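Order-wise, the sequence lines are chains A and B. Residue numbers are given in the numbering used here: position 224 of the first sequence equals residue 224, and the series is strictly consecutive. Residue numbers are given in the numbering used here: position 514 of the second sequence equals residue 514, and the series is strictly consecutive.
If you are wondering where the hints come from, they were derived from the structure by calculation, not from laboratory data. Check the hints yourself; a few may be wrong.
A pair counts as met if it fits within one copy or between any two copies, since identical chains are not told apart.
[Claimed, not checked] Straight line, CA to CA, 27 Å or less: simulated DSS-like cross-link-like pairs of lysine-lysine:
1) Lys275 <-> Lys196
2) Lys211 <-> Lys498
3) Lys211 <-> Lys251
4) Lys353 <-> Lys211
5) Lys195 <-> Lys211
Computed from a predicted structure; not experimentally measured.
What follows is the residue order along each chain.
Number of protein chains: 2
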Amino acid sequence: MTLPTDTLFELDEDVPKKSAKKAAKKTSRRKDTSAGAARDISVAEFFEKNRHMLGFDSPTKAILMAVKEAVDNALDACEEAGILPELRVELTQTGERVFRVAVEDNGPGIPDTQIGKIFGKLLYGSKFHKLSQSRGQQGIGISAAGMYGKLTTGKPVRILSKTRRGKAVEAILSIDTLRNKPEEHSREVVAWEGKKHGTRVEIEMEALYKKGQRSVDMYLKQTAIANPHLTLTYVDPTGAQVVYERASREKPPQTAEIKPHPHGVELGRLISMLKETSCRSLSGFLQEEFCRVGPTVAKKIVAAAGKGLSLKSYPTRIAREEAASLHKAIAATRISSPPTDCIAPIGAELLLKGLKKELEADFYVTATRPPAVYRGNPFQIEVGIAYGKPGGVGLEVTETGRIRKKAKVDATQDLVAAADEPARLLRFANRVPLLYQQAGCAITKSVTQTNWRSYGLSQPGGGLPVAPMAIMVHIASVWVPFTSESKEALASYPEIIKEIKLGLQECGRKLGTHIRKGKRLKREYDKREYIETYIPHIGIALQEILDLTAKERDETVATLEDVLHRSRKF
Amino acid sequence: MTLPTDTLFELDEDVPKKSAKKAAKKTSRRKDTSAGAARDISVAEFFEKNRHMLGFDSPTKAILMAVKEAVDNALDACEEAGILPELRVELTQTGERVFRVAVEDNGPGIPDTQIGKIFGKLLYGSKFHKLSQSRGQQGIGISAAGMYGKLTTGKPVRILSKTRRGKAVEAILSIDTLRNKPEEHSREVVAWEGKKHGTRVEIEMEALYKKGQRSVDMYLKQTAIANPHLTLTYVDPTGAQVVYERASREKPPQTAEIKPHPHGVELGRLISMLKETSCRSLSGFLQEEFCRVGPTVAKKIVAAAGKGLSLKSYPTRIAREEAASLHKAIAATRISSPPTDCIAPIGAELLLKGLKKELEADFYVTATRPPAVYRGNPFQIEVGIAYGKPGGVGLEVTETGRIRKKAKVDATQDLVAAADEPARLLRFANRVPLLYQQAGCAITKSVTQTNWRSYGLSQPGGGLPVAPMAIMVHIASVWVPFTSESKEALASYPEIIKEIKLGLQECGRKLGTHIRKGKRLKREYDKREYIETYIPHIGIALQEILDLTAKERDETVATLEDVLHRSRKF
Numbered sequence: 001m002t003l004p005t006d007t008l009f010e011l012d013e014d015v016p017k018k019s020a021k022k023a024a025k026k027t028s029r030r031k032d033t034s035a036g037a038a039r040d041i042s043v044a045e046f047f048e049k050n051r052h053m054l055g056f057d058s059p060t061k062a063i064l065m066a067v068k069e070a071v072d073n074a075l076d077a078c079e080e081a082g083i084l085p086e087l088r089v090e091l092t093q094t095g096e097r098v099f100r101v102a103v104e105d106n107g108p109g110i111p112d113t114q115i116g117k118i119f120g121k122l123l124y125g126s127k128f129h130k131l132s133q134s135r136g137q138q139g140i141g142i143s144a145a146g147m148y149g150k151l152t153t154g155k156p157v158r159i160l161s162k163t164r165r166g167k168a169v170e171a172i173l174s175i176d177t178l179r180n181k182p183e184e185h186s187r188e189v190v191a192w193e194g195k196k197h198g199t200r201v202e203i204e205m206e207a208l209y210k211k212g213q214r215s216v217d218m219y220l221k222q223t224a225i226a227n228p229h230l231t232l233t234y235v236d237p238t239g240a241q242v243v244y245e246r247a248s249r250e251k252p253p254q255t256a257e258i259k260p261h262p263h264g265v266e267l268g269r270l271i272s273m274l275k276e277t278s279c280r281s282l283s284g285f286l287q288e289e290f291c292r293v294g295p296t297v298a299k300k301i302v303a304a305a306g307k308g309l310s311l312k313s314y315p316t317r318i319a320r321e322e323a324a325s326l327h328k329a330i331a332a333t334r335i336s337s338p339p340t341d342c343i344a345p346i347g348a349e350l351l352l353k354g355l356k357k358e359l360e361a362d363f364y365v366t367a368t369r370p371p372a373v374y375r376g377n378p379f380q381i382e383v384g385i386a387y388g389k390p391g392g393v394g395l396e397v398t399e400t401g402r403i404r405k406k407a408k409v410d411a412t413q414d415l416v417a418a419a420d421e422p423a424r425l426l427r428f429a430n431r432v433p434l435l436y437q438q439a440g441c442a443i444t445k446s447v448t449q450t451n452w453r454s455y456g457l458s459q460p461g462g463g464l465p466v467a468p469m470a471i472m473v474h475i476a477s478v479w480v481p482f483t484s485e486s487k488e489a490l491a492s493y494p495e496i497i498k499e500i501k502l503g504l505q506e507c508g509r510k511l512g513t514h515i516r517k518g519k520r521l522k523r524e525y526d527k528r529e530y531i532e533t534y535i536p537h538i539g540i541a542l543q544e545i546l547d548l549t550a551k552e553r554d555e556t557v558a559t560l561e562d563v564l565h566r567s568r569k570f
Numbered sequence: 001m002t003l004p005t006d007t008l009f010e011l012d013e014d015v016p017k018k019s020a021k022k023a024a025k026k027t028s029r030r031k032d033t034s035a036g037a038a039r040d041i042s043v044a045e046f047f048e049k050n051r052h053m054l055g056f057d058s059p060t061k062a063i064l065m066a067v068k069e070a071v072d073n074a075l076d077a078c079e080e081a082g083i084l085p086e087l088r089v090e091l092t093q094t095g096e097r098v099f100r101v102a103v104e105d106n107g108p109g110i111p112d113t114q115i116g117k118i119f120g121k122l123l124y125g126s127k128f129h130k131l132s133q134s135r136g137q138q139g140i141g142i143s144a145a146g147m148y149g150k151l152t153t154g155k156p157v158r159i160l161s162k163t164r165r166g167k168a169v170e171a172i173l174s175i176d177t178l179r180n181k182p183e184e185h186s187r188e189v190v191a192w193e194g195k196k197h198g199t200r201v202e203i204e205m206e207a208l209y210k211k212g213q214r215s216v217d218m219y220l221k222q223t224a225i226a227n228p229h230l231t232l233t234y235v236d237p238t239g240a241q242v243v244y245e246r247a248s249r250e251k252p253p254q255t256a257e258i259k260p261h262p263h264g265v266e267l268g269r270l271i272s273m274l275k276e277t278s279c280r281s282l283s284g285f286l287q288e289e290f291c292r293v294g295p296t297v298a299k300k301i302v303a304a305a306g307k308g309l310s311l312k313s314y315p316t317r318i319a320r321e322e323a324a325s326l327h328k329a330i331a332a333t334r335i336s337s338p339p340t341d342c343i344a345p346i347g348a349e350l351l352l353k354g355l356k357k358e359l360e361a362d363f364y365v366t367a368t369r370p371p372a373v374y375r376g377n378p379f380q381i382e383v384g385i386a387y388g389k390p391g392g393v394g395l396e397v398t399e400t401g402r403i404r405k406k407a408k409v410d411a412t413q414d415l416v417a418a419a420d421e422p423a424r425l426l427r428f429a430n431r432v433p434l435l436y437q438q439a440g441c442a443i444t445k446s447v448t449q450t451n452w453r454s455y456g457l458s459q460p461g462g463g464l465p466v467a468p469m470a471i472m473v474h475i476a477s478v479w480v481p482f483t484s485e486s487k488e489a490l491a492s493y494p495e496i497i498k499e500i501k502l503g504l505q506e507c508g509r510k511l512g513t514h515i516r517k518g519k520r521l522k523r524e525y526d527k528r529e530y531i532e533t534y535i536p537h538i539g540i541a542l543q544e545i546l547d548l549t550a551k552e553r554d555e556t557v558a559t560l561e562d563v564l565h566r567s568r569k570f
């Protein structure tokens with residue numbers, strides 16, 4: 001509760017003598033670090049030291065974070081401008097453990113005056129102060145990636161940007177960490193051949209490039225699943241190029257920005273809003289600053305509040321006690337749920353398309369839950385399940401009604417788990433894949449708390465179900481509650497967990513039906529395979545007993561097999 | 001990569017007609033949220049909206065976080081001033097779902113000029129800019145608790161503080177969230193009867209009080225384990241009072257502040273340090289700004305760097321390319337490990353004392369690892385295990401050599417797990433208990449990655465071992481890498497995980513020996529109980545066969561039992 005004060009205290013007597021000299025030294029040190037030494041911490045300094053909070057805690061992860069932040073921004077910009085996004089991601093090794101991450105988009109470009117702050121200042125942006133669905137929301141990401149690049153290589157960020165009306169501008173800049181301000185090294189107008197508009201950012205950083213479940217490759221693949229309208233070209237450090245073609249030219253619906261919902265506003269926030277508003281009456285304040293409040297609701301609230309408050313009360317003059325009554329009155333008043341046109345889910349159909357495009361499986365099911373609300377923020381959950389490859393159940397019924405084993409497929413780099421592995425969990429928030437911190441995420445919690453045994457799957461130790469399966473969960477919201485600035489896991493709000501579970505159950509029930517069919521198939525297949533092994537022997541026996549010709553024998557065998565297969569009922 | 005620009009883009013043609021009006025509305029909205037609307041985000045605003053990052057995501061957790069931040073600060077202050085800490089924690093319910101958290105210490109008190117910023121400004125403090133072991137390190141905690149109080153109740157924080165020389169001061173203040181600045185409501189000199197020095201802070205907040213594994217009660221109990229020199233009085237909301245008396249008057253050793261180790265400094269950081277230093281020669285810079293660099297090492301580094309650098313080079317004039325060579329030269333030079341007198345572990349003996357005082361078990365073992373280094377920061381790991389209650393193995397050998405069952409003890413509120421539960425994990429960082437985010441913590445990872453089967457425990461699904469056991473892990477470091485501002489989980493640095501595992505293995509081996517003995521006991525107990533059931537029958541049979549008197553029979557039975565027990569070997 002207290003900070004050290006200037007040498008007000010001598011060291012106690014019980015310091016061993018031999019360390020007396022050392023102790024004296026420590027006392028003088030303590031002077032330096034006394035309360036007088038307490039000082040401001042720049043937010044950039046804070047995050048440079050705590051860069052693992054931003055996701056930059058290992059060279060493998062750093063490269064992914066940089067790609068992710070740049071791609072998030074690019075997609076947000078394209079969507080806000082109504083442009084069908086075309087992205088290019090290039091990773092180039094420029095030294096030992098040093099890579100250049102370049103991300104280029106066909107977005108609207110960034111106005112000159114904004115470039116510096118957007119790439120060279122933490123906590124700066126357009127998305128934090130509004131409630132609307134976007135990938136970025138903190139004003140940290142891309143500047144943090146640049147800061148990490150500078151920290152590890154000493155090199156600044158290169159930005160190339162062109163708006164439709166302006167000329168292409170190249171800016172070389174970095175962040176002044178101690179002051180959290182952009183430091184511009186150069187800026188000039190350049191030619192950008194063949195580019196109408198767009199932005200390209202290049203960051204050089206210490207990094208490691210690896211394949212695997214949490215690699216850049218996998219991140220981009222999953223991005224393609226969640227953004228069926230995106231065309232993305234990816235050049236990996238070996239020079240290999242992958243193109244994810246868009247599955248649909250349908251852009252995500254434009255989402256509206258919303259005002260906060262009265263039921264989600266805390267008393268302290270209400271007091272600040274009353275103080276900061278430009279409205280000159282309480283009635284106007286309630287209707288202007290919140291969603292779902294019209295004249296009738298405003299009247300009801302004010303009447304319920306009492307304390308001498310009227311529709312004409314001057315907002316900035318309302319004291320804490322009155323505000324507390326107002327807050328209670330708001331909570332007690334029925335107000336319709338926030339509008340939901342501020343949320344754009346992927347949609348069950350497109351989700352299915354996306355899953356089928358990138359995941360090979362036997363069975364797919366998706367569910368989109370109706371929108372719900374946590375802490376006044378609307379959100380919507382989508383769930384998809386792909387089941388039954390690689391190598392797993394792997395039985396199928398042919399067109400002629402036969403059951404056969406499917407060819408095994410290489411399971412490496414696959415998004416569907418092998419049969420004896422826990423199901424793969426694909427987590428998405430506002431169409432962004434979340435690859436790290438699975439253990440600490442509300443989505444994981446929801447999946448492990450779901451009873452998968454009742455759908456015919458095994459679930460050892462109350463963990464993830466073990467099955468050849470991928471479970472995809474997407475949350476779309478005007479404000480996604482991430483557990484940290486690295487935006488890798490959802491905080492466990494009960495409303496969110498409830499919705500995810502309902503979505504999982506919806507998909508689970510359909511999966512259960514499929515699995516029971518599969519298990520029946522498997523049982524029949526085993527029996528049949530056993531019998532079929534003996535049919536030729538039966539044929540030979542019959543031939544001997546009934547004295548058949550070879551042709552008659554084969555016909556009999558064929559008839560037997562046929563009867564056997566037709567006896568199967570679906 | 002780009003922000004929306006001012007209406008440079010019309011909506012595309014494929015907007016359905018019926019929503020044309022809506023679209024127009026959205027276009028105008030988009031105007032408001034265009035690049036022009038990008039702006040600074042105050043760090044207080046950021047964390048108010050993301051308060052779950054600070055740990056304030058539920059009313060139950062909020063009350064714990066407030067107590068934790070206040071207790072952390074109080075203990076840090078006492079230790080830095082060399083005072084044996086005496087704390088008082090009071091929780092009082094002041095309304096429906098509203099509690100007042102009050103924490104009072106006997107620390108050195110806070111100088112007048114500092115009170116405002118310490119309680120009313122995020123990212124302000126004395127601990128961030130130095131490398132030394134302390135509970136607080138971010139300059140966020142206590143102000144954040146106050147911010148949450150204001151957010152939920154609208155009420156400011158009350159601080160009472162008295163330094164040895166000054167008079168007691170009462171300050172009522174809150175944080176101005178939009179500007180991240182203290183807003184002082186009042187300040188006056190008051191009388192504080194019977195208090196020589198100390199600080200008391202009171203925060204009123206919306207909260208819920210619950211008992212259980214992650215309650216304030218449990219936090220304080222664990223704090224007492226990790227701080228055997230602390231006396232703590234706790235008054236819970238029902239008025240019940242618990243006093244944790246200190247187990248030792250021995251204060252934790254004073255720890256020194258250290259300079260960064262050259263091997264832990266990134267290129268970008270080196271460049272900033274060169275730019276900011278007041279040293280006028282490269283040689284001086286290397287020796288002044290880093291630990292473990294003397295004239296010889298400095299010479300070696302500069303010689304290895306080449307690029308025209310000399311011991312007399314002027315630091316602020318060293319360019320990026322030269323700095324890069326210098327950085328490489330540092331990495332290539334052998335430099336001794338950082339000093340470790342900057343770390344104060346609890347110590348195996350005191351840890352054992354602490355465990356025995358608060359945990360009832362059959363078997364205790366502790367281990368203190370030697371100090372190690374991650375990212376240039378020294379740290380040290382301690383592990384303790386308490387095994388074999390409640391109700392679990394529960395067999396003991398009496399003084400006469402007999403085996404008997406122990407009385408069962410109530411397992412509620414106990415820190416040791418029941419026999420069929422996963423072991424309880426008690427995590428500590430710089431003597432602070434970590435109660436939340438267990439799943440995302442490097443300590444948990446280390447425990448689950450340890451093979452407990454080889455010590456005779458079951459470990460289903462590769463999770464925590466299932467046993468009547470508590471595992472305690474403590475990390476002491478000059479900089480603890482928490483995964484988020486709420487300081488609930490450690491980031492997974494490989495060096496840290498390795499050390500924790502080694503500590504667990506050291507304890508595990510000793511536990512294994514104990515368990516094998518216990519299992520032998522159990523086997524023998526089962527056999528004996530079986531035999532003893534029949535001894536009376538054997539007596540009766542012998543009596544009949546040998547025609548014994550009742551007395552002779554009883555003597556024979558007693559002798560038989562005696563032989564049976566003496567035949568046991570330890």
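Report the numbers of all earlier hints that the structure fails to satisfy, in ascending order.
-> Checked against the structure, the hints that fail are numbers 1, 3, 5, while the rest are satisfied.
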